[in-house]
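A.B. asks: Sequence:
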Amino acid sequence: MGHKCFIAIKAEDKIYKEYIQKNLSIDMIDKSLNEAIDSYDEDYIMQRIRKDYLSDSTVTIHLIGQYGAENRGFWEQRYIKRELQASLYDGQNNSRSGILGVVLPSMYDTVYKGSYNCSICNPTHSISFVNINDSSTIKEFSYNYYIPHNKCSWAEEDRYCVLVKWEDFCKSPETYIDKAFNKRTDPISKKVKVRPEL
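Just so you know, this note's numbering puts 112 at position 112 of the sequence shown, and the rest follows in order with no gaps.
Source of the hints: derived by calculation from the structure; they are not laboratory data.
Do not take every clue at face value.
[Stated by the list, open to error] For lysine to aspartate or glutamate, the following DMTMM-like pairs were computed, each having C-alpha atoms within a straight-line distance of at most 20 Å:
#1 Lys22 with Asp158
#2 Lys4 with Asp178
#3 Lys139 with Asp158
#4 Lys151 with Asp186
#5 Lys165 with Asp109
#6 Lys113 with Asp168
#7 Lys171 with Glu18
#8 Lys190 with Glu156
#9 Lys17 with Asp178
#10 Lys22 with Glu35
#11 Lys193 with Asp43
#12 Lys14 with Glu35
#13 Lys165 with Glu18
#14 Lys22 with Asp38
#15 Lys14 with Asp168
#16 Lys171 with Glu197
#17 Lys31 with Glu174
#18 Lys193 with Glu35
#19 Lys4 with Asp90
#20 Lys190 with Asp158
#21 Lys179 with Asp168
#22 Lys4 with Glu18
#23 Lys17 with Asp168
#24 Lys139 with Asp178
#25 Lys31 with Asp90
#26 Lys191 with Asp168
#27 Lys171 with Glu12
#28 Lys51 with Glu12
#29 Lys191 with Glu156
#30 Lys4 with Asp52
#31 Lys190 with Glu157
#32 Lys14 with Asp30
[Claimed, not checked] Pair by pair, the computed Cβ-Cβ distance ranges are:
#33 Ser153 with Tyr44: 38 to 44 Å
#34 Lys14 with Lys191: 19 to 25 Å
#35 Lys22 with Ile120: 28 to 34 Å
#36 Asp158 with Gly114: 28 to 34 Å
#37 Gln47 with Lys193: 42 to 48 Å
#38 Asp186 with Ile15: 31 to 37 Å
#39 Cys118 with Lys22: 40 to 46 Å
The model shown is predicted, which means the values in this text are computed figures rather than measured ones.
Glycine included, C-beta positions come from ideal geometry on N, C-alpha and C.
Full structure from sequences and hints, please.
C.D. replies: Here is the structure:
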């Protein structure tokens with residue numbers, strides 16, 4: 001059975017959202033916001049997104065493109081930040097959604113930086129370097145992908161957000177949507193922050 005999915009994008013990446021909606025045979029109910037909410041009131045925007053789009057959504061697909069970095073400033077990111085905050089919120093009339101980050105091709109070289117040997121626990125311990133931070137995405141995603149802990153690296157169970165390359169997502173979208181959906185009940189969900197202050 002398909003999940004109710006909300007697709008969070010920057011306007012510049014709309015063609016990828018349309019590709020998902022029109023070309024991928026995904027068993028999902030699309031709950032996406034297709035028009036911006038005409039308001040400058042942050043609380044009102046979050047209330048509308050939660051009530052009208054996310055109240056019964058279970059997975060948010062966050063497209064990570066070259067225009068979605070935290071460093072671009074609040075005004076530039078106000079809608080995408082509110083969409084992810086509303087997705088992460090777990091409260092009355094709104095259950096937390098799983099978050100699936102899909103790295104678009106324009107961001108592969110920025111995000112995927114190869115691997116390095118751990119200098120803390122074992123010099124032969126190879127760690128993949130995934131550059132998820134303020135220069136690649138918004139805090140709401142990066143914090144919940146790299147939830148702080150006292151280890152030298154992050155395993156899948158240490159992350160709330162799921163991350164995948166666009167090309168891998170297109171080959172098996174339901175696999176990754178299911179992974180994000182299942183995170184909602186994993187122990188790591190108790191460490192999620194809606195509005196991270198880093």
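A.B. asks: Indicate, hint by hint, whether the structure satisfies it.
C.D. replies: We went through each hint and held it up to the structure:
1. Lys22 with Asp158: Between Lys22 and Asp158 the Cα gap is close to 34 Å, so the pair fails against 20 Å, i.e. violated.
2. Lys4 with Asp178: At roughly 11 Å apart (the allowed maximum being 20 Å), Asp178 and Lys4 satisfy the hint.
3. Lys139 with Asp158: 17 Å, holds
4. Lys151 with Asp186: 19 Å, holds
5. Lys165 with Asp109: Answer holds: Lys165 to Asp109 is near 11 Å, not above 20 Å.
6. Lys113 with Asp168: 17 Å, holds
7. Lys171 with Glu18: 16 Å, holds
8. Lys190 with Glu156: 15 Å, holds
9. Lys17 with Asp178: 18 Å, holds
10. Lys22 with Glu35: Distance of about 18 Å is within 20 Å: holds.
11. Lys193 with Asp43: 17 Å, holds
12. Lys14 with Glu35: 12 Å, holds
13. Lys165 with Glu18: 17 Å, holds
14. Lys22 with Asp38: 27 Å, violated
15. Lys14 with Asp168: 19 Å, holds
16. Lys171 with Glu197: Measuring from Cα to Cα gives roughly 35 Å; hence the hint is violated.
17. Lys31 with Glu174: 16 Å, holds
18. Lys193 with Glu35: 27 Å, violated
19. Lys4 with Asp90: 16 Å, holds
20. Lys190 with Asp158: 11 Å, holds
21. Lys179 with Asp168: 14 Å, holds
22. Lys4 with Glu18: Holds, because 17 Å separates the two Cα atoms, which is no more than 20 Å.
23. Lys17 with Asp168: 15 Å, holds
24. Lys139 with Asp178: At roughly 23 Å apart (the allowed maximum being 20 Å), Asp178 and Lys139 break the hint.
25. Lys31 with Asp90: Holds. Lys31 to Asp90 sits at ~18 Å (cutoff 20 Å).
26. Lys191 with Asp168: 27 Å, violated
27. Lys171 with Glu12: Outside the cut-off at roughly 23 Å; violated.
28. Lys51 with Glu12: Between Lys51 and Glu12 the Cα gap is close to 25 Å, so the pair fails against 20 Å, i.e. violated.
29. Lys191 with Glu156: 14 Å, holds
30. Lys4 with Asp52: Measuring from Cα to Cα gives roughly 13 Å; hence the hint holds.
31. Lys190 with Glu157: 12 Å, holds
32. Lys14 with Asp30: 15 Å, holds
33. Ser153 with Tyr44: 38 to 44 Å: The hinted range 38 to 44 Å holds for Ser153 and Tyr44, with Cβ atoms some 40 Å apart.
34. Lys14 with Lys191: 19 to 25 Å: Check failed, 33 Å falls outside 19 to 25 Å.
35. Lys22 with Ile120: 28 to 34 Å: With Cβ atoms ~47 Å apart, the hint is violated.
36. Asp158 with Gly114: 28 to 34 Å: Violated, at about 20 Å.
37. Gln47 with Lys193: 42 to 48 Å: Roughly 20 Å apart at Cβ, these two residues miss the hinted range, so it is violated.
38. Asp186 with Ile15: 31 to 37 Å: 32 Å, holds
39. Cys118 with Lys22: 40 to 46 Å: 43 Å, holds
Checked against the numbered hints listed earlier, the structure breaks hints 1, 14, 16, 18, 24, 26, 27, 28, 34, 35, 36 and 37; every other hint is satisfied.
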